[in-house]
Structures are given as structure tokens and as C-alpha cells.
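Please put together the full structure from these sequences, using the hints given.
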Amino acid sequence: MKRGLIEWDRTQLPPAVLDSRLARVRAALAAQNLPALLVYTDVWRSNQARFLTNFMPYWNRSLVVIPVDSPPVLLCALSPRVYPWIKSVTILENIRPASKLMQTLDQLCAERQWRRLGVLDLPMLPIEIHSRLGEIEIVDVPSETICEPDDGEFSMRRRAVSRARQILEEQLPRGAGSLDHHFVGHLEREFRRAGAEDLVIRLSSAGGSPAPAKGARLLDRYSVAIALEYCGHWVKVTRPSADAEALRSRFDAALAAGLSSDGGHIENLAGPYPYEAGTGSIFALHVEHQGLYFGDTCTGTGAL
Amino acid sequence: MDLMAERHWDSILLYGHGWRKDYFRSLVNVNYSGPYAAALLSRSGDVAIFVSDPWDRELIPGAADFTATLPRASAIAGLELMEARFVHGSPASATADVEELRRIKTLDEIECLKQAAALADRGYQYFADTACVGMREYELVAEVEGFLKSNGAEDNFMLIASGGTEVVGMKPPTARAFQPGDSITTELTPCVNGYYAQICRTLVLGDPSPGQIESFSIFSEAQQAAQDLIKPGIRASDAARAQNDVFRKYGYGDYTGSKYTRVRGHCLGLFPDETPHILEDVDYVIKENMVLIAHPNTYLPLSGYMVFGDSLLVTATGNVRLNTTEKKLFVKEA
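As they're listed, the protein sequences go chains Y and F. According to the numbering used here, the first sequence is numbered sequentially starting from 1. According to the numbering used here, the second sequence is numbered sequentially starting from 1.
It should be emphasised that the hints constitute simulated quantities derived from the structure, not laboratory data. From a predicted model like this one, the values you see are computed outputs, not experimental measurements. Fair warning: there could be bad hints in the mix.
Below, simulated DSBU-like cross-link-like pairs (lysine-lysine); rule was C-alpha separation at most 35 Å, straight line [stated by the list, open to error]:
id: 1; chain 1: F; residue 1: 259; chain 2: Y; residue 2: 87
id: 2; chain 1: F; residue 1: 287; chain 2: Y; residue 2: 2
id: 3; chain 1: Y; residue 1: 214; chain 2: F; residue 2: 327
id: 4; chain 1: Y; residue 1: 2; chain 2: F; residue 2: 114
id: 5; chain 1: Y; residue 1: 214; chain 2: F; residue 2: 259
id: 6; chain 1: F; residue 1: 114; chain 2: Y; residue 2: 87
id: 7; chain 1: Y; residue 1: 100; chain 2: F; residue 2: 259
id: 8; chain 1: Y; residue 1: 2; chain 2: F; residue 2: 328
id: 9; chain 1: F; residue 1: 259; chain 2: Y; residue 2: 2
This is the structure we're talking about:
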């Protein structure tokens, strides 16, 4: 869960980047004669709303509504007491309390006299919301046309992955012989002090895929897989305690071979979730050799 | 199984995603990390498991690929959260029924919650020992998170705030540096073997102001009123009213509503914010072996936002406090 630093550094991610993304949304809406786009977001599924508005719910779920002709509206189940904070880290100025999301959406649609609504990745909408959209015509707007990574996205992911590589490589020698819980705690402290917003750590020792810590002692040969969220941008990096160069060669070969090499495990990092099986324009590739793992965040042209 | 027979369900699917793992983990208590997981329980008692992350499939031998093989089911717990593309046919929602089953904890579950509460106590002591003037909110959170994970927490839900009467609620940490006189509020909710227990305390850096002292005395009385009352047979609304009445008695009834606060407590278990919530309009009868927190957390003009609460196990005749941290306003030299 997000409990690290959530902030918006406008020098790293200028508002103009978000303006251009909203312009892309509005062009897509206009092309389909749609008055607005609905974007679902929750604690774990926050990539798309973050891409468009920099909003990342630390708790609960929300709907972002992007009208074709006016600023975005956030329908938010979080307390109005945190709205000033939300406004400080997002482009959102119009926030409506929405403990009952669909009721508030209905009111907004009625006010704006919307009879049609675009929904980002409609089939992926939670059924509770999907089934309540019966009153108006809804149109699926696939995210591929809206959320294709741009230079701003690649730049932020580069920052994130650079941070992940540096911290992991500095701290990796400290793990051997320690309890996995202790090492995970140490990594949590280091990453969150460096501004990590969320973190998922898996370890592999004595064979087997990387898994959550279970109170076992790490052997000399072990691997750490980190999924890091930094300023809303997820990356994954996996490093072994030994044989790093051999594994890196294997990783490079798998990447060069178009990901078809045996043992390659590929995850899409460009979708709505932090990571999921499959490929994407930003993806993580992990390779295994003799019980050790190496992985990194990549694009079609190589590691980020 | 009894529920399935009663409802005439041939099968029930317990669905989880990255945020809400609780329905799945109520049957298969494995901390998966992919976006989806599901467990199918059939009337014969067979359990089939589906996960989306290949590494998760190694964690759970025999687990199948979620997206390729997810079967139909008579009923689904967590149906409302499920992506529309995964819902086939017209399954019944088993969400409310399964949540009610989960509210009454088994002895094993209570043991996990006791361990989580003990870790929350140690975590709060570490929090209080570590906080100091000049430290930034997110740095303190990093330290506490590291402590909890080092000591076996698999997760932790935590909010924080710092400052004075301008503070109206908690949120994720900012880069604000602590100053003398600050109230630092937090709720720590470490997770042990899937189960979350919570503690809420307020720490003052430096000598507390008269307003902070007066405010804490109200919070303390309100929390104690709920703790004295909670037992099987009382209603969630009663536990909320007992707390709110203390605020009303001192002229602060306006600060018990949704403008200034969220809930007066909630249940705990596989999700850190389980229902029923402790609110004056929640008509739910509390039962033995439920675990909940009573916390009158709210804003008061005396002190700004303040928090105070403990996890409570409902017994046959009352409740026992699972936290052992002293019930006081923590004060640390600035």
C-alpha cells in the first residue's frame, strides 16, 4: 500500500506534460463525439489516473472524469479534509465527495446533460460500477489510444529505475546470512528514505522463484526482486548476489532475441496495474540461471 | 460449506486483486503479488486456485493461470470488485455472507491478530523513540516501515500527520519536518500472516499545550467509554454513540460528524478496514470473537486532529485490549 512520499515535483514532471496528455484524451473524445471520459482508479490500479492527472489514491477508490471541454473532475471517497493535499499533488481542482461513487457520477452526468460517456478500458471496470452504467450509453475507449507512454513517462521511469538499481546494488552485499525479514526491513528503510511511494520485495534463496520473505536465512547465493513506485511510476529490478555478469549476458541475449529465450519472465509495466504478465511498451524482463535471477525494466530498444 | 448448502450454491469463488486480497486469503492464506487471484470451493470440498503471476504459481503448487482458466461459479465473494470481463453468467454475490463469516475469528486467527497487535505496540514504541525535531514525515515512516518489516510484518497500513491546530486529518507522509510543539498522529496497522491489528496514538514534541492536554483527556474518556461498553449484544451504533456523547458532553459534538472525522472504529482482520464501521447509523450487533478498534479520531479546535485507539477482542462478557501500549498522550523532549 502507498504510504511513502507522494509528491509532485513539477521540475521532474512539468504540468505541460499532463496538459498534452489531456489534449490527447480530448482529441479521442471529440473523434467519437463523446462528452467525457471515465477513468477508474484504486490503491493498486492507479497508473492510468496518475498518467492523466497525477492522482494516486493512497486508499480507497475514485473516478476521474475528463470532460471534452472543461477541467477534470475527481469523484472521491476520501475525506474532503485531504482535498487540499490532493490539489497540491495533482492537476485536479474540482473534487466532489463521493462515498457513493455511482450516485455522484449520476448527478454529474445529469448536471452536464451527458447522454453518452467514454470509459477507459470498459471491460476492466469493476462489475459493481460497470453494471450501474445502464442509464446512459457507454463507449469503450481502449487505453492504448490514450495512455501510450510519452517522453515525460519514459523520463520519470528512468529516474525510478536508476534509483532502484543504485540502491539495490549498494545494499545487495548486506543480505547474505541475514534473516530475509531483516533484509527486507533494511531495504524498506533505504528505499522509502529515498522517496519510494510503494515497494514490493521478493527474495529467492536456495532455489525457487522470488517470493515474499518467510523468516528464512538468506544463503550466499540469493536474488532480490524489487517493484518500486516512485512518484507514481512503477519499475522492477532484480539482482543476484553472485554471477551477476553471467546473468546480465543471459538477460541481454534474451532481450536481443526478442524475449524468446528460455527462462525469460516478462511483465507489462505500461498497463493499469503496477505489473502483470504479458508484454507492453514498458516491461520487465527477468531471467534465471542456476537458481539466481536478474531482471530490469525495459522498452523495445533495451533496458531503460 | 454450510453456507453453500444453505444458499444452494454448487460452488463459490473467492476473488482477490492487488488491493483487496482478503476474500481470497480467507480460504487460501497466501500473500500473492500479481494483480488477481481466485479460489474455487466446490460442494465436494475441492479447492482450485487461480493466480495471474507466474511466480505466484510456484508459491501455490497446482495453481492454474487466472486469466486462461478462470471457471464459472454459482457465487462470488468479492464479485463487486471483479473486472467485468471476468464475470461470466449471473453469479450471486457471496460478499456479504463471507464478510459475516469472517467477522467471527477462529482461535488461529485471534492468535495472528494478537501477534499483529504486539507488533503494533513495538512499532509504536519505535515510532515514539525515533521521531525528533527536524526529521521529515516520510523519513519517520521509512524508519517505522523498516522496523515492522524487519520484525515479520508482511504489510502495514499507516497514516500520519504533524503540526498544530491547522491539521485536520491524516494522509500519507509529506516532506514536512517536525517542529517543537507538533502533535504527531499516526495509526499503525501491521499485518502478520495476513491479519491486521491497529494502534492509534498521538505524540507531542516538547511540552504539550493546555489545548493538547485537554483534547487528549476527551479522547481518552471517549475511547474508554467504548471499551467499557463493547461486549456481545451491543450495537456498533452504541459503541459510536458512547464515544460521541463524551465529545457532546464537553461541547464538541459538532466534531463527531463526517466533516471532521470518518468512523469511530472498525473491524479488523484480513483487511485493515473491515466492516461494520463503528458509526451511530450502523445497526449491527457485535458478537463474541470479533476483533475491532474503537478510535474516536477527529479534529478538535483545541489541538488539531488527534488520534487514540486500541484493538479489542470481544469476549463472552466484554472485551480485552490486544494492545499493551500505555494509554497516554506521548510526550517527547523537543
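Hints and how they fare:
1. 259(F) - 87(Y): holds, 18 Å
2. 287(F) - 2(Y): Distance of about 32 Å is within 35 Å: holds.
3. 214(Y) - 327(F): holds, 33 Å
4. 2(Y) - 114(F): Holds - the C-alpha atoms of residue 114(F) and residue 2(Y) are around 25 Å apart, at most 35 Å.
5. 214(Y) - 259(F): The given pair, whose Cα atoms are some 42 Å apart, is violated under the 35 Å limit.
6. 114(F) - 87(Y): Violated: residue 114(F) and residue 87(Y) sit about 39 Å apart, past 35 Å.
7. 100(Y) - 259(F): holds, 16 Å
8. 2(Y) - 328(F): It holds: about 29 Å lies between the C-alpha atoms, which stays within 35 Å.
9. 259(F) - 2(Y): Holds, because 24 Å separates the two Cα atoms, which is no more than 35 Å.
Hint compliance for this structure: hints 5, 6 are broken, all remaining hints hold.
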